[in-house]
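Trainee: Sequence:
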Amino acid sequence: MAETSFDVLIIGGGPGGYVAAIRSAQLGLKTAVVEKAELGGICLNWGCIPTKALLRTSELYHQMQNAKSFGLSAKEVGFDLKAVVARSRAVSKRLNQGVGHLMKKNKVTVIEGEAKLTAPGKVAVTGKNNGDYSAKHIVLATGARPRVLPGMEPDKKLIWTYFEAMVPEAMPKSLIIVGSGAIGIEFASFYRSLGAEVTVVEMLPQILPAEDEEIAAIARKQFEKQGMKIITSATVKAVKKAKDGITATVEEGSGKTREVTAERMISAVGVVGNVENLGLGALGVKIEKGLVVADGYGRTNVPGVYAIGDVAGPPLLAHKAEHEGVVCVEKIAGLADVHPIDKQKIPGCTYCQPQIASVGLTEKRAKEAGLKVKVGRFPFLANGKAIALGEDQGLVKTIFDAGTGQLLGAHMVGAEVTELVQGFVVAMNLETTEAELMHAIFPHPTLSEMMHESVLDAYGRAIHI
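Counting in numbering that gives the first Met the number 0, the sequence shown runs from 0 upward without gaps.
Derived from the structure by calculation, the hints contain no laboratory data.
The beta-carbon is built from N, C-alpha and C at its ideal position, and this holds for glycine as well.
Any given hint might turn out to be false.
If you anchor each label on the Cβ, the simulated ranges turn out as follows [said to hold, decoys possible]:
{"#": "1", "residue 1": "Q205", "residue 2": "E113", "range": "37 to 43 Å"}
{"#": "2", "residue 1": "G402", "residue 2": "G150", "range": "46 to 52 Å"}
{"#": "3", "residue 1": "K74", "residue 2": "G459", "range": "31 to 37 Å"}
Once the Cα atoms are required to be at most 30 Å apart in a straight line, the calculated BS3-like pairs of lysine-lysine come out as [unchecked claim]:
{"#": "4", "residue 1": "K242", "residue 2": "K172"}
{"#": "5", "residue 1": "K67", "residue 2": "K344"}
{"#": "6", "residue 1": "K29", "residue 2": "K81"}
{"#": "7", "residue 1": "K285", "residue 2": "K67"}
{"#": "8", "residue 1": "K239", "residue 2": "K255"}
{"#": "9", "residue 1": "K288", "residue 2": "K155"}
{"#": "10", "residue 1": "K363", "residue 2": "K373"}
{"#": "11", "residue 1": "K220", "residue 2": "K172"}
{"#": "12", "residue 1": "K240", "residue 2": "K156"}
{"#": "13", "residue 1": "K228", "residue 2": "K81"}
{"#": "14", "residue 1": "K373", "residue 2": "K384"}
{"#": "15", "residue 1": "K135", "residue 2": "K342"}
{"#": "16", "residue 1": "K373", "residue 2": "K342"}
{"#": "17", "residue 1": "K103", "residue 2": "K115"}
{"#": "18", "residue 1": "K172", "residue 2": "K155"}
{"#": "19", "residue 1": "K35", "residue 2": "K330"}
{"#": "20", "residue 1": "K330", "residue 2": "K285"}
{"#": "21", "residue 1": "K92", "residue 2": "K103"}
{"#": "22", "residue 1": "K121", "residue 2": "K106"}
{"#": "23", "residue 1": "K255", "residue 2": "K242"}
{"#": "24", "residue 1": "K172", "residue 2": "K103"}
{"#": "25", "residue 1": "K35", "residue 2": "K172"}
{"#": "26", "residue 1": "K255", "residue 2": "K240"}
{"#": "27", "residue 1": "K220", "residue 2": "K121"}
{"#": "28", "residue 1": "K228", "residue 2": "K239"}
{"#": "29", "residue 1": "K127", "residue 2": "K92"}
{"#": "30", "residue 1": "K156", "residue 2": "K172"}
{"#": "31", "residue 1": "K81", "residue 2": "K156"}
Work out the full structure: start from the sequences and follow the hints.
Mentor: What follows is the structure, given as structure tokens:
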């Protein structure tokens, strides 16, 4: 390539990397991105986006099966798995091409290959654009990959990671899903909605461990009502493979064991950072628990080296990576008013049925922090829009500091809550009090009215319950 020297060179073209590159270019910095696979990274190509396309299919399929409850008649409802997967891949391809267009539009140089830091400010790339490159600032945005547990190594046939789970050649009649975080539960929801028998195994007492206990309990009840089998406080002790199936020995907290047999297993036990083969050890970049240690501006302990996104630690969310990328390059550019990311204000969303969304402290964590709280709740079954939609199961929960009225957290389970939670995110960023939220006028009839009522309930003023 003609250009080999840059102000900012970003290793990894996922959400954090490509957004950082765009912002860097906007600020007048000569910018390059090194990507060894696909622009958009795991999120766009194998995570956030294609899974939402799959989940949309399962949601529509579920609604069509229940058409009678809406006064509609739908006969011989079925699905073509090959077409379902093809649509998901087409959605990813479209967005991948869009990222490529944005790189050209913003005059970001895309270097295809695998990068390794060879010296301060120096990067060697092997691949299509093989060569040596230099930059004043090098940003690591290498992401993460599925964690592999001993005895459950993915073989792409019987034991899947999310890669294989997104492109099944045939619909399995039964599945064991190990792990009940967002990835595990989303796949559990997708496959169960399309008719597979699903068993979820979670080592902790609660599914969706990062969520508020009350919200997770409501979600579990709905999942089990759909026919999902859930085993908590349990670990998979052994896996035995057959020609076209798998048997897992599951040990529960009581010490009791049981055998669960299914056609396929999905391992969804978290991810590990991509820190290997980058030359970080030789430069002395600090790594802890498989992740690069960075401050609120993405700065590592080595001047000129930065880390953002999944490789820099939790929460492992695309929007967190994007925001970190912007903060990092704005700090590099010397902007005066740059604020480090506040992880308490990062929303989390799980796109299962029902959806789950949250931001801030859970009730338990707020109390553990010694805070006196006021908690408001409003159920979906008391909301006119939810009833009209045929989606009357769910809850909106808000947590306030009893002394100051500060919104500490908001947690939701139910239809479209992933679109509602941003209202509370904005409120928290504006340091909104309960009084201001109470005085805000919410449109009727909407699901968002439940947000208002939940705030009112925290202070004994709810109208519709």
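Trainee: For every hint, state whether the structure bears it out.
Mentor: Checked hints:
1. Q205 - E113: 37 to 43 Å: holds, 39 Å
2. G402 - G150: 46 to 52 Å: Holds - the Cβ-Cβ distance for G402 and G150, about 50 Å, lies within 46 to 52 Å.
3. K74 - G459: 31 to 37 Å: At roughly 50 Å between Cβ atoms, G459 and K74 fall outside 31 to 37 Å, so the hint is violated.
4. K242 - K172: holds, 15 Å
5. K67 - K344: Status violated; Cα separation ~41 Å.
6. K29 - K81: Judged against 30 Å, a Cα distance of about 43 Å means the pair is violated.
7. K285 - K67: violated, 59 Å
8. K239 - K255: holds, 18 Å
9. K288 - K155: Holds: K288 and K155 sit about 27 Å apart, inside 30 Å.
10. K363 - K373: Cα-Cα ~12 Å, so holds.
11. K220 - K172: It holds: about 22 Å lies between the C-alpha atoms, which stays within 30 Å.
12. K240 - K156: This hinted pair holds, its Cα atoms lying about 10 Å apart.
13. K228 - K81: holds, 27 Å
14. K373 - K384: holds, 26 Å
15. K135 - K342: holds, 28 Å
16. K373 - K342: OK: K373 and K342 at ~22 Å, within 30 Å.
17. K103 - K115: This hinted pair holds, its Cα atoms lying about 24 Å apart.
18. K172 - K155: The given pair, whose Cα atoms are some 17 Å apart, holds under the 30 Å limit.
19. K35 - K330: Roughly 26 Å separates the two Cα atoms, so the pair holds.
20. K330 - K285: holds, 20 Å
21. K92 - K103: holds, 17 Å
22. K121 - K106: holds, 21 Å
23. K255 - K242: Holds, because 27 Å separates the two Cα atoms, which is no more than 30 Å.
24. K172 - K103: violated, 45 Å
25. K35 - K172: violated, 36 Å
26. K255 - K240: holds, 22 Å
27. K220 - K121: violated, 54 Å
28. K228 - K239: Roughly 20 Å between the alpha carbons, so the hint for K228 and K239 holds.
29. K127 - K92: Given that 30 Å is the threshold and the Cα spacing comes to 21 Å, the pair holds.
30. K156 - K172: Roughly 14 Å separates the two Cα atoms, so the pair holds.
31. K81 - K156: holds, 17 Å
Hint compliance for this structure: hints 3, 5, 6, 7, 24, 25, 27 are broken, all remaining hints hold.
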